[in-house]
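Enquirer: Okay, here's what each chain looks like letter by letter:
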Amino acid sequence: MNGMLRKWPVIAWYVCVVIGLVITLLPFVYAAAGSLKPNHLMFSELSPFTLKAFLPGTDPVAYFNIFEKGFGRAILNTLFVSCTSVVIGLLVNSTAGFAFARFRFHGDKVLFAIVLVTFAVPAEAIAIPLFIMIRGLGWFDSFTALIVPGIANGLVIFLYRQFFAGVPNELIEAARVDGLSWWRIYWTICMPLAKPVTIGAGLLLFVFQWESYLWPLIAAPSPEHHLIQVALGRFSTEFSAIWNEQFAASTIAGALPLVFIFIYQKQFVSALTGVDLK
Amino acid sequence: MLGLFLFKIYPIFLAIWESFFIESFGVGGGKIFVGWENFTLLWNDFVFWRSVRATAILTVVINPVQISLALALALLLQRRSRHIRLIRSLFLLPIGIALPIATIIWGLMLNPNDGLINAMLGIFGISRQPFLTSEDQAIWAIVAIATWKGVAFWMLFLLAGLEDIPRQLYEAVRIDGANWLQRHRYVTLPMLRRTILFVLVADTATNFVLVVPMIILTQGGPRQSTNVLMYEAYRTGFLFQDFGKSMAIVTILTSITMLVIALQVLFLGDRRGANK
Numbered sequence: 001m002n003g004m005l006r007k008w009p010v011i012a013w014y015v016c017v018v019i020g021l022v023i024t025l026l027p028f029v030y031a032a033a034g035s036l037k038p039n040h041l042m043f044s045e046l047s048p049f050t051l052k053a054f055l056p057g058t059d060p061v062a063y064f065n066i067f068e069k070g071f072g073r074a075i076l077n078t079l080f081v082s083c084t085s086v087v088i089g090l091l092v093n094s095t096a097g098f099a100f101a102r103f104r105f106h107g108d109k110v111l112f113a114i115v116l117v118t119f120a121v122p123a124e125a126i127a128i129p130l131f132i133m134i135r136g137l138g139w140f141d142s143f144t145a146l147i148v149p150g151i152a153n154g155l156v157i158f159l160y161r162q163f164f165a166g167v168p169n170e171l172i173e174a175a176r177v178d179g180l181s182w183w184r185i186y187w188t189i190c191m192p193l194a195k196p197v198t199i200g201a202g203l204l205l206f207v208f209q210w211e212s213y214l215w216p217l218i219a220a221p222s223p224e225h226h227l228i229q230v231a232l233g234r235f236s237t238e239f240s241a242i243w244n245e246q247f248a249a250s251t252i253a254g255a256l257p258l259v260f261i262f263i264y265q266k267q268f269v270s271a272l273t274g275v276d277l278k
Numbered sequence: 279m280l281g282l283f284l285f286k287i288y289p290i291f292l293a294i295w296e297s298f299f300i301e302s303f304g305v306g307g308g309k310i311f312v313g314w315e316n317f318t319l320l321w322n323d324f325v326f327w328r329s330v331r332a333t334a335i336l337t338v339v340i341n342p343v344q345i346s347l348a349l350a351l352a353l354l355l356q357r358r359s360r361h362i363r364l365i366r367s368l369f370l371l372p373i374g375i376a377l378p379i380a381t382i383i384w385g386l387m388l389n390p391n392d393g394l395i396n397a398m399l400g401i402f403g404i405s406r407q408p409f410l411t412s413e414d415q416a417i418w419a420i421v422a423i424a425t426w427k428g429v430a431f432w433m434l435f436l437l438a439g440l441e442d443i444p445r446q447l448y449e450a451v452r453i454d455g456a457n458w459l460q461r462h463r464y465v466t467l468p469m470l471r472r473t474i475l476f477v478l479v480a481d482t483a484t485n486f487v488l489v490v491p492m493i494i495l496t497q498g499g500p501r502q503s504t505n506v507l508m509y510e511a512y513r514t515g516f517l518f519q520d521f522g523k524s525m526a527i528v529t530i531l532t533s534i535t536m537l538v539i540a541l542q543v544l545f546l547g548d549r550r551g552a553n554k
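Chains S and R, in that order, are what the protein sequence lines are.
Residue numbering for the first sequence is 1 to 278, as defined by the numbering used here.
Residue numbering for the second sequence is 279 to 554, as defined by the numbering used here.
Mixed in with the good hints there might be a few duds.
[What the hints assert, rightly or not] Distance ranges between label pairs, derived from CB positions: (1) S:P192 x R:I404: 54 to 62 Å; (2) R:V339 x S:V10: 40 to 48 Å; (3) R:Q446 x S:V22: 30 to 38 Å; (4) S:F239 x R:Q446: 13 to 21 Å; (5) S:F239 x R:L364: 32 to 40 Å; (6) R:L517 x S:Y14: 43 to 51 Å; (7) S:E170 x R:D442: 30 to 38 Å.
[What the hints assert, rightly or not] Sample of chain S residues with no beta-carbon within 12 Å of chain R, all distances over it, derived: (8) G20; (9) C83; (10) L272.
The set of hints was computed from the structure by calculation and includes no laboratory data.
Keep in mind that this is a model prediction, so the values were computed, not measured.
Backbone N, C-alpha and C define an ideal beta-carbon position, used for all residues, glycine too.
Looking at chain S on its own, in the form it has when it is part of the complex:
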């Protein structure tokens, strides 16, 4: 009796965890399983409900079909936009972070405060004003409109600044005495040290572009500029009855960032939230 009493919190804990995990994982399992089935099976397995709905099928036809419907184009577009944003974004934001950490200039505090404010402003809130601005610049419906606004990232600047501010002063001083330019110090000393930040920040920039929806939807509406989430959204309205293809498209769009995030989970989470996972 006493033993049971001590055990029940543990049992309750397991029950809660299992319920939570079922809710969390249900859409993953169902969508991935459904993407490998012919469309009619999606419906017959559910009326009445059978557990077969969660077992993966063996028919990849949905995957072939979505590529015939131009999904490949969206994937390539997104890879192009994401990778360009990562490369340029890492360079620009790390140099900015370096400047904030190492130089004292007029108004640096105010400027850095503005950087901090920017990551409190949700992307959706500025999407419509930004659209007016982009249209004024003549960038409407182009890859420039998709890439440029996403490059400067307050959070990434912040991450680099925090890291560079922690680099020992002696190291920098020694390099200065040796006659290294600030550019060389940044590139050959500080950046190699900042590798964990670069992994997290790069992933952040990549995922930001890969998962953006509202901005590409309004800024570049023509199909040749479609990014993956926009293509997915269009798909779900245009072919709303073809469930297996929607699941296949979702699986592809979801799997790629998830793989990276899973590998570099620690760096990603600490970049995104400042929380160190143990």
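Fit chain R to the given chain S structure using the hints.
Expert: What follows is chain R alone, placed relative to chain S:
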């Protein structure tokens, strides 16, 4: 070099600037000055007030739901246990899933006729629910989708906050004979206050602009029940090409957001701040 950074920060700068000032005075991208006309138009617009109502309902429901669930999950995952790292990783998976994907998959699962959820409810003898097609349930379905996607993210901050609470505090109240509920009431909540406030503010700001499920699934319907201000701004700008009015809505939404956040900080902030 400096000029370069200034130029690169400039877009963010300008974007914020624009979202606060310019928008309400331009009509359709033209440069005609109309003063407060966009705002007076909205004041007399029945649809706009419906939209304010939908936003208020969503805000009042979604933020407490998400934060209590995030806190519950954080308490759950705080426990040291075998496989805890794997369990945590699995709970974190939705963070990596884009909201449009989550929306589409859940949208199909919540399909009133052929959806998985209704099929599973059927086992328990519960009749089919209309979910997103019902005026009463649509907003709840959207809350569920956004919560599924968002809760793990907010949980991370709370989990980190929990792990910073010194063990001795719990030992002390345990010796005093406090039960589980009292331990959390008198130790966890006060110690976690700042973290909870931060999560509340950030979550509120995020949910005020929650719009993807409305664009993909409901188009603001049925009968405007999910037509939140952000969707109304999107609809006015991009479906009706009335950017002046759209910007006015964004400006109002931004003001409401800041007001609500200010109130949250005022009422829940650290009133003993002076002692610290």
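Enquirer: Of the numbered hints stated earlier in the document, which are not met by this structure?
Expert: Those not satisfied are hints 2, 4, 8, 10.
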